[in-house]
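One letter stands for each residue in the lines below.
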Amino acid sequence: MNRLDFSFFDWNVVSSFILKGLYFSVELTIIAMMGGIVLGTLLALMRLSEKPWLVQPAAAYVNLFRSIPLVMVILWFFLLIPKLIGHSLGGQLSAIITFTFFEAAYYSEIMRAGIQSVPRGQVGAGYAVGMTYAQCMKLVVLPQAFRNMLPVLFTQTIILFQDTSLVYAVGEYDLLKGFEVAGKNYNRPIETYLIAAVVYFVICFSLSMLVRQLQKKIAIIR
Amino acid sequence: MGNWDWQVLLHDTGGGETYLHWMMSAWGWTCSVAVLSLIVALVVGSIIGILRTTPNPWFVGFGNAWTEFFRNIPLLVQIFIWYHVIPSIFLSLRAVPSFVLVVLALGFFTSSRISEQVRAGINALPKGQRYAGLAMGLTLPQTYRYVLLPMAYRIIIPPLTSESMNIFKNTSVAFAVSIAELTMFALQASEETSRFEEIFIPVTFLYFISAFAINRIAASIEKRVRVPGMLGGAK
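If you're matching them up, the sequences are chains C and R in order.
Numbering that gives the first Met the number 0 puts the first residue of the first sequence at 0, with every later residue one more than the last.
Numbering that gives the first Met the number 0 puts the first residue of the second sequence at 0, with every later residue one more than the last.
Isolated chain R (complex conformation) (with noise of 0.2 Å):
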């Protein structure tokens, strides 16, 4: 591995500022596309989720749809679509800047994952549920609202805390588009330094700590909404 020089972390770019200072900016662009494009698919995920769920087949077929059209194009392909297709087919669109295209691609990409696991989480409850809330004289959205949501989000916050992980990994892909996230910077900066581990082991940890901050994060959501006696509650 030769000898490592660590200290390259804290020389000049050239601008300014540390390779260090330009890691943890790096960082912050990664941090924000994921949050971002989580919750871009978090609401995007469960509205053509629970569009599956529902008896009118126009909604069913329109989100089998979506789901498949974002589940099957790989996210690297979806990326450049939004980027180079989408701005000069309209043209108006040429403005919105490549960061905000990276996260609709990224959240609607996600989104088509979210929406199989919400239409599980609804599907895994006893149908019984839906018609005692429809008995009661509950509409339709109240008895999601109230009877079969929040059940089912508890039952699939599991792989919903491994999909929120995936998004994080999957920002890096967003280097294709030179969007400044921490993949970019590892590129650009080993290249600069001519070193490389000393580069690419901080960035892989910092990965690494990101995608276990929302493990823990998600585990204690978990915590606190359990029902007691219920899914869990008493383990």
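Next up, chain C with everything else stripped away, as it sits in the complex (with noise of 0.2 Å):
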């Protein structure tokens, strides 16, 4: 059994390496839920709409992006991007924008399901009252849509944490890579490995109990 050396993990080496990988992957992470979140809504309600031209060009992105791994998605929007506007955009904004595409998928899944979770007599109010589709959607069904689904968001949007590591497919600088490079640069591999699922642990086990938290509250409002 080699002996393992933590000692040279110190504020300096996570001043150095960790923190702007830790950014990448918070920033990524908190701009893919926005923008998965507000394409995923349009698609769910693209989806529960009753014109067929709606529905199925949501209904094919939907279940294209959810049949294709990640890791897949990341390379070919990678080296695509580049062919279709004709100069690369960089491996981070490119990541940004795969990663909302491909979130918007589950998002709207969720939301599909929160806006059915809606009871269909209060779209029905809306319209009684005078209000039109948009007003109704806007003012009576999203709200509701959001708040029972909100626990659900958060945790999509953790596993969408735990997946902003595999940027590793074209070298992005995350989080996971800040301590392989730590890893690299004191000789230690094992030991930064060993540091990165803690750290990694850490923040999505507290997101968790958060979400848990917030779960509790909402139950209890309904």
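Since the hints were derived computationally from the structure, they do not count as laboratory data.
A hint or two may mislead.
Taking CB as the label site, the calculated pair distances span [claimed, not checked]:
id, chain 1, residue 1, chain 2, residue 2, range
1, R, PRO140, C, ILE158, 33 to 41 Å
2, R, ARG144, C, VAL117, 37 to 45 Å
3, R, SER87, C, VAL117, 47 to 55 Å
4, C, ILE217, R, LYS126, 21 to 29 Å
5, R, LYS126, C, PHE145, 29 to 37 Å
6, C, TRP52, R, GLN141, 55 to 63 Å
7, C, GLN214, R, LEU133, 53 to 61 Å
8, R, PRO140, C, LEU79, 52 to 60 Å
9, C, SER207, R, VAL99, 27 to 35 Å
10, R, GLU16, C, GLU49, 46 to 54 Å
11, R, ARG144, C, TRP52, 50 to 58 Å
12, C, ILE158, R, LYS126, 27 to 35 Å
13, R, LEU92, C, ASN62, 37 to 45 Å
14, R, ASN122, C, ALA133, 24 to 32 Å
Built from N, CA and C at the ideal position, the CB exists for glycine as well.
Two chains, each in its own frame: build the complex with the hints.
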């Protein structure tokens, strides 16, 4: 058994290798979450409309992205965006675009369930008081759908945060990469992988505890 | 998109086989990793899920800890831990091929999700069923075997299906430790041939039909085991 030695891991290592990666992972998570929820909600509204020319493209989009591995999607976007627009966007921006489009498919399924959880009669009631479709969605259905689905949306966001580690495939500098580079520099790869696991665990576990609290709170209001 | 040249798939890789052969063997690796990890995940996930519903607080605590542990660390990090860290700490594991390590990593990662579903399935049954079994004089294991599990598994077939499809998609992460599966093939072959679409389109398609096949198999299992008059039996 090799001896593990964590003594090299001090604030200096954290500030010069880890924080930069953590910053990008968090940035990617937050932007992809916001973009994904907006796009996902639009897709969910399309799928729940009664017009087949809206339903079918949205269904195709969601099913396509849900059946391809994220790693493949990252590679596709990374190599296709430059071909389509003629120049490279850089790894960070293209990762942000990829995750937004990819996560939109997953958020859209959540929002679809959320919209369906609002009783149908409320839409009828909205129309009866003279609201248009857009007003009815904005003022009656979506606020409730969001609130009902808030815990699930956050759980998906925790998964999204874990998935940001897959930008490894295109060599982008995220939290995991930060640990890996630090491990290479100090020739302590085993220790840095272990610390990486602990850091991810602490972040994701505390977030999921918060989501559990939120779930209890929402359950009481209902 | 430029001009497509599909013949590139029939070019020789330099090893006496075509890229098409290589791709099919890579698909084979993807399928073996997926199926073996699925078996590990179903067995381990079921045991952990069942432990979490037993009356024994130690079992419940262990099951909860297992699930939280494997659920809150990204798969890629877990694969690195199995591949880089564990063999260097336990030197006797050095001889274990990386294929086995990846199967264990993916299997244990997915077991945490399956344990959640098994637990949810058992808890979805009315409490009276457990008490009825115990009151009839069945032991606790017998109650699980003959009363609770047969219904619980039928309830959770849909989430288990999507988890099985996820396992197929998640095998793609194994490229990071150089398993010769589809993603690894796509990366290497597209670099060697300087052809991108011609390699990535068929690979994406293979992932697509693998997931679809799992979906169909699960749907037919669901149909065969359904109980008339219950749980979607009469839809």
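Status of each hint after checking the structure:
The supplied range of 33 to 41 Å is met by PRO140 (chain R) and ILE158 (chain C), whose beta-carbon atoms lie about 34 Å from each other. Between ARG144 (chain R) and VAL117 (chain C) the beta carbons are some 41 Å apart, a value that agrees with the proposed interval 37 to 45 Å. Checked against the hint of 47 to 55 Å, the pair SER87 (chain R) and VAL117 (chain C) passes, with Cβ atoms roughly 54 Å apart. Between ILE217 (chain C) and LYS126 (chain R) the Cβ separation comes to about 25 Å, which falls inside the hinted range of 21 to 29 Å.
Between LYS126 (chain R) and PHE145 (chain C) the C-beta distance comes to about 33 Å, which sits within the given range of 29 to 37 Å. Taking 55 to 63 Å as the suggested C-beta distance range, the pair TRP52 (chain C) and GLN141 (chain R) conforms, at roughly 56 Å. As the Cβ distance of GLN214 (chain C) to LEU133 (chain R) is approximately 31 Å, the hint placing it in 53 to 61 Å is violated. Against the hinted window of 52 to 60 Å, the Cβ-Cβ separation of PRO140 (chain R) and LEU79 (chain C) comes to about 54 Å, which satisfies the hint.
Distance hint check for SER207 (chain C) and VAL99 (chain R): the Cβ-Cβ separation is about 30 Å, which falls inside the suggested range of 27 to 35 Å. The beta-carbon spacing between GLU16 (chain R) and GLU49 (chain C), approximately 52 Å, falls within the hinted interval of 46 to 54 Å. Distance hint check for ARG144 (chain R) and TRP52 (chain C): the Cβ-Cβ separation is about 52 Å, which falls inside the suggested range of 50 to 58 Å. Judged by the Cβ atoms, the range 27 to 35 Å given for ILE158 (chain C) and LYS126 (chain R) holds: they are separated by roughly 31 Å.
Range check, LEU92 (chain R) to ASN62 (chain C): about 40 Å between beta-carbon atoms, so the 37 to 45 Å window is met. A hinted range of 24 to 32 Å for the beta carbons of ASN122 (chain R) and ALA133 (chain C) is inconsistent with their spacing of about 40 Å.
In the structure shown, a violation is registered for the earlier hints numbered 7 and 14, in ascending order.
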